[in-house]
Each structure stands twice: as C-alpha cells, then as structure tokens.
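Just need the whole structure built from these sequences, with the hints factored in.
Below, each chain spelled out in residue letters.
2 protein chains.
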Amino acid sequence: MTTVLLDVDTGIDDALAILTAALSNEIDLVGCTVTWGNVDVEQGARNTSEVLHLAGHGDVPVAIGAAGPRDGRPAVFSPEVHGADGLGGCADTAHVPALSPESAVELMLRLSHEHAGSLEIVAVGPLTNLAAALDADPTLPERIRQVTIMGGAALAPGNVSETAEANIWHDPDAAQVVFDAPWELTMVGLDVTMTSLITDEHRARLAAGGEIGRFCDRILDFYLRYYEGYTGERASGNHDALALAVATGLVRTTLSPIVDVRVDCSDGPARGRTVTELEGEWGQWPEPEGARHRVVMEVEPGFEERMVDLLAGA
Amino acid sequence: MTTVLLDVDTGIDDALAILTAALSNEIDLVGCTVTWGNVDVEQGARNTSEVLHLAGHGDVPVAIGAAGPRDGRPAVFSPEVHGADGLGGCADTAHVPALSPESAVELMLRLSHEHAGSLEIVAVGPLTNLAAALDADPTLPERIRQVTIMGGAALAPGNVSETAEANIWHDPDAAQVVFDAPWELTMVGLDVTMTSLITDEHRARLAAGGEIGRFCDRILDFYLRYYEGYTGERASGNHDALALAVATGLVRTTLSPIVDVRVDCSDGPARGRTVTELEGEWGQWPEPEGARHRVVMEVEPGFEERMVDLLAGA
Numbered sequence: 002m003t004t005v006l007l008d009v010d011t012g013i014d015d016a017l018a019i020l021t022a023a024l025s026n027e028i029d030l031v032g033c034t035v036t037w038g039n040v041d042v043e044q045g046a047r048n049t050s051e052v053l054h055l056a057g058h059g060d061v062p063v064a065i066g067a068a069g070p071r072d073g074r075p076a077v078f079s080p081e082v083h084g085a086d087g088l089g090g091c092a093d094t095a096h097v098p099a100l101s102p103e104s105a106v107e108l109m110l111r112l113s114h115e116h117a118g119s120l121e122i123v124a125v126g127p128l129t130n131l132a133a134a135l136d137a138d139p140t141l142p143e144r145i146r147q148v149t150i151m152g153g154a155a156l157a158p159g160n161v162s163e164t165a166e167a168n169i170w171h172d173p174d175a176a177q178v179v180f181d182a183p184w185e186l187t188m189v190g191l192d193v194t195m196t197s198l199i200t201d202e203h204r205a206r207l208a209a210g211g212e213i214g215r216f217c218d219r220i221l222d223f224y225l226r227y228y229e230g231y232t233g234e235r236a237s238g239n240h241d242a243l244a245l246a247v248a249t250g251l252v253r254t255t256l257s258p259i260v261d262v263r264v265d266c267s268d269g270p271a272r273g274r275t276v277t278e279l280e281g282e283w284g285q286w287p288e289p290e291g292a293r294h295r296v297v298m299e300v301e302p303g304f305e306e307r308m309v310d311l312l313a314g315a
Numbered sequence: 002m003t004t005v006l007l008d009v010d011t012g013i014d015d016a017l018a019i020l021t022a023a024l025s026n027e028i029d030l031v032g033c034t035v036t037w038g039n040v041d042v043e044q045g046a047r048n049t050s051e052v053l054h055l056a057g058h059g060d061v062p063v064a065i066g067a068a069g070p071r072d073g074r075p076a077v078f079s080p081e082v083h084g085a086d087g088l089g090g091c092a093d094t095a096h097v098p099a100l101s102p103e104s105a106v107e108l109m110l111r112l113s114h115e116h117a118g119s120l121e122i123v124a125v126g127p128l129t130n131l132a133a134a135l136d137a138d139p140t141l142p143e144r145i146r147q148v149t150i151m152g153g154a155a156l157a158p159g160n161v162s163e164t165a166e167a168n169i170w171h172d173p174d175a176a177q178v179v180f181d182a183p184w185e186l187t188m189v190g191l192d193v194t195m196t197s198l199i200t201d202e203h204r205a206r207l208a209a210g211g212e213i214g215r216f217c218d219r220i221l222d223f224y225l226r227y228y229e230g231y232t233g234e235r236a237s238g239n240h241d242a243l244a245l246a247v248a249t250g251l252v253r254t255t256l257s258p259i260v261d262v263r264v265d266c267s268d269g270p271a272r273g274r275t276v277t278e279l280e281g282e283w284g285q286w287p288e289p290e291g292a293r294h295r296v297v298m299e300v301e302p303g304f305e306e307r308m309v310d311l312l313a314g315a
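Chains A and B, in that order, give the protein sequences.
Using this note's numbering, the letters of the first sequence correspond one by one to residues 2 to 315.
Using this note's numbering, the letters of the second sequence correspond one by one to residues 2 to 315.
Please keep in mind that the hints were generated in silico from the structure rather than gathered at the bench.
Values in this document were obtained by computation on a predicted structure and should not be read as measured data.
It is possible that some hints are incorrect.
Short, incomplete list of chain A residues facing chain B, as computed with Cβ under 8 Å [unchecked claim]:
#	residue
1	Pro-158
2	Glu-163
3	Thr-164
4	Arg-263
5	Asp-265
6	Cys-266
7	Ser-267
8	Gly-269
9	Pro-270
10	Ala-271
11	Val-276
12	Leu-279
Label pairs and their computed distance ranges (CB to CB) [as the list claims (entries may be wrong)]:
#	chain 1	residue 1	chain 2	residue 2	range
13	A	Glu-202	B	Glu-288	53 to 61 Å
14	A	Glu-202	B	Glu-234	38 to 46 Å
15	A	Tyr-231	B	Ile-259	15 to 23 Å
16	A	Thr-140	B	Glu-185	56 to 64 Å
17	B	Arg-253	A	Gly-211	51 to 59 Å
18	B	Asp-201	A	Asp-201	46 to 54 Å
19	B	Thr-200	A	Glu-290	29 to 37 Å
20	A	Gly-211	B	Gly-233	49 to 57 Å
21	B	Gly-233	A	Arg-293	20 to 28 Å
22	A	Pro-289	B	Arg-253	54 to 62 Å
23	B	Pro-183	A	Asp-310	54 to 62 Å
24	A	Tyr-231	B	Gln-147	30 to 38 Å
25	B	Gly-59	A	Arg-293	52 to 60 Å
26	A	Ala-68	B	Gln-147	45 to 53 Å
Even for Gly, the Cβ is constructed at its ideal location relative to N, Cα and C.
Spelled out as structure tokens, the structure:
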C-alpha cells in the first residue's frame, strides 16, 4: 500500500490516473493538489472533484494551486488535446465541486507531516505547485518518500515542440527547481508513456463496464481523436496513469538508469527539454557518479490491460 | 559521376571519406577545403595532403580555412577521438604537404564557378568554412547542386554533449548560417552514422589489402579503441564516408524526410543541438510545407562492406 498525493491538471489522462489511484487496493490516495496546465486551475479542480466523486472518493481533499507558470509568463492550455473543459466535452456542468479551504501548498505540506517518510508525490502536470511548496518549506524533501513525475523526454522527441514535453515546457523554471531539490525523483516521460497505449479496444471494454468505465470510454473518444490527427493512429499515450503505476509498483520498470537531468530554461529552440546524460543509447548505460534522477526508459507491458480491468470492473 | 568538393577536418573518419572519394569511379574529387575541428586546421591540412598522396591524388588542391569558430570563441579539438595528430598517431611526420595558395573560401568559390550547377559540397567538419564562403559570396548557393553535411542528430542523442553532435556543437552559429542559406541541404547525422559501423572484421580485411588498406587498418585501431571506451564495443560510426556516400549515391537512403532544422545557438544545455520537426517519430512522417532540409534517418545496409572492398582492393 502506497500513500499517494496526486498533483494534477485534470485532463483526460489525469482522470484515468485519479480513478486508478482511487480504485486500486494498492494505493491510499490522501489528497489531490491541482495546478494549471491542460486546463485552467479552476476547471482542473472541478474535474478533479467530479472524478473523485464518480469513484466514490469525494472525501479526498482537492486543493487549488498555481494558475500559471512560476516566472509569471502567461499560462497556455491544451484544449485541442483535452477539450475546452479538460474532459473531452464530457465534464458534468451540474457538478458542485467540493474543494479544500487549504491551498495546494498548504495541503501538500500538511500531508507531508501527517505521512512523514511514507508520502509519495505523483505529479502529472506542470511542476509549479511542487516548486512553490519547496519555496514555502525547503525541508519538504526530508519527509517525502519519493517524487514521481509524468514529464519530459530523455531520448524521445517532444510533444509540444520538437524537443519538449508539455508538462516541462509549460514551466521549465519550476521543473528545474523540482529536479534540483534533494529528494528521490523518478521521471516517467514520453520515452515510455508514448509506448504505453490506450486504444479503441480498451474503450470497448470500458464501455461494457460500469458507470466509471463508461465515463472513461466517453472521455477517451476525444483523446484518441486528437492522437489520430497527431500520429495517424487511434492510440493515445497513457501518460499520467503510467507515472502513478511506476510510483506505486502497479507496473515494473525494466530499464531506468539513474542519471542527471537538466531542464532547458533558455529561450532557444530546445526550451523545456529535459537534457539527460544518457550516453547509454550508444552502448552501456553508465550511471554517472552523484547522479540522482531515475529516468524510466522501459516498463513491463501489460499495465494498460490491468488498468482497464480495474476501471471497467468498478 | 558526381563532382565533389570535400570540406574536411581530417581526422580518422575524414581520411576514410577522402580515400573513398579519391578512389571511387563514381566521384570526381575536385578539391578539399580544410577547417579546424578534430585537429587544428594546419594539422588537418597536412593529413588531408598526406591521405590524397597516398591515394595517388596529390593533384587535388588542398586549401586551408578557418582556425576556429565563427563567433571567435576558442577552438576545441578532439585528440581523444582521433589522436593528437588526427590520424591515431600514424601521421607521416616526413610528409611535406602540398597546399593550395588559395584560401578555403577562394577555392570553394572558384570551384563553384568552374563546376556551376554540378558541384556537390560534402562538409564533414564544423561548418565554419561554408559560412565564411556564404559571407564572401551570397550567390554561392545558386551554383551548388547540393550541400551534404555530416553533422547533427535529429532523434539520436549527441556525442559531445547529451544533445549535440560534435561538428555542429563546434560551431553552432556557422551551422545555422549554412542551414539558412538557400541551397538544398542534406543532413547525415548520428541517427544514421552511429548505425553504420566499422569493426575489427573490416580492419582485418583492410590489413590484408594494399598500402591504402593497411593504412586504414592502422588508423582505425585508435578509433575503435576510443569507441570501445565510449560504447563498450569495438565498433565506430562511419560518419564522414557515409555522408559522402549519401551525397554521391554510393548508398541509398530509405527514410529521409524533408523537415526544418534549427540549430540551438543558445548557451543552454542543448547548445549545438539540431532541433528538427520530426514528429513522425510518433507516427507519420509529415513533410511540413516550406521545409527544406533533408534529414537522413535510415540508409540501406551494405555501404561499409563496399567501402572496405574499395579501400582494401586499391
């Protein structure tokens, strides 16, 4: 059983991660902090609350965090990927969100004390909230078991630019702060999330399930349509849930060298790139002395099947 | 028959390219311009002259070019890869180089007029000379059939930094000028050159050949030793000769989309990266409208065998 705080910008794939965290017997989901990213932070919080209620976990606190990047640049969202409402047009406009009176930083810090030493932070949006929490309390890492992020691309190309993955590109400065902090950090980036695919076959099995499965089927239609225009195939990366799965042992990694990651915070063409010392591509996978960042390059197949079983069977 | 000007920083793999160009019946090698890079430009010119004499082509003019990067930063060489003399310790110190009284830019411009419309420039070092020639005469591209460079990495990681290939990293500003110029440009980067390998088996066949083959065997020993430390295997990329082969049809490309390449000239961690719009990695290989740069991603296997036959049989 892993105690998990999810930092989300909910989002279609965030919804799958939240549902998986809420429904899995292996995971104790103790809070959701919300950041801007796929949608604005208020819509992200609405969606998070809606999805938790759908899973019967309306008691999990949902706290609103950053509305835009750390450096004050304008926030840019991804309606073409997730829909204007973040749930592919399926958000329940009648849902009255239950939100925590605490801010995202306050909730994160409180939970870090309540679950000191055992809390796993799984951050699947821009890392603005985590950087703000480190600003507020630099001792935070001492109480965190591990941080696992969905973000970046070590050898894979980007998805919002040639080189950059969306979550990192949205807030490179925050990402650099999070990589620099003295905690164990695992990066689950496009190298693996774009090989962990959700297809119409999965959707059919979800559609034949209960209310949660049918919800997933509906929101995934929009997501797969976006990916079809992007890759030519109706198959989407299972980004956020895969990061959760890596963090909690729902999937095993088969190649995840510990290397150093630097974030390109320049205004050059590689802005937002996670630059990694991964010379192993040309042969061995050396782990440079003093390196601290685990970069997941391969996982065992099969997690998507188990996730769909979980969501369809709920 | 392709009319070729080679721009070189001779280097072990440059030597193989020069010998292949000199010996192939498909290639008319009309000049070599020399740049700094693997070694300083004077040593590179000595090596170029020595190798041409070895091939019985001492009549090919060899012209000295740039001694360091376009922006005036200090020149950095690669003795660990090519040896202090650029030929793995095998340079003939008794060789008296025959050098052109023209500069590299002068020779390049003269040949562009003498072979207007048919001249193929194959540039396998930092692109400082080509950028200087464009400065001297912006009409140069009108007279060039095509420029083919060994350099860059589209999806592959770098070899001098996490992201950057050596030739581009040595002089990103010059590379950007060359990519911007209005000529057809083909990039043969690490994506293919690190899959076109020279091994000890090739060396054994070269050693059993004539004087040229034995010379190649000797210089490659140093090169393979370097690669062994780098990748764990005694196998080196056949970088420069592969660019020559692509340019002259000695090898066919099987995947070479036309995309846009931008060079990272920032001082960020991706300095020297060739940033390419290659979203095809995630599915289709779209060729963006107006794109001009052919990026070679796959070639037919077999060129190394033919090259070794040529060099061993000479």
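Could you check the structure against the hints above and give me the numbers of any it violates, in ascending order?
13 and 22
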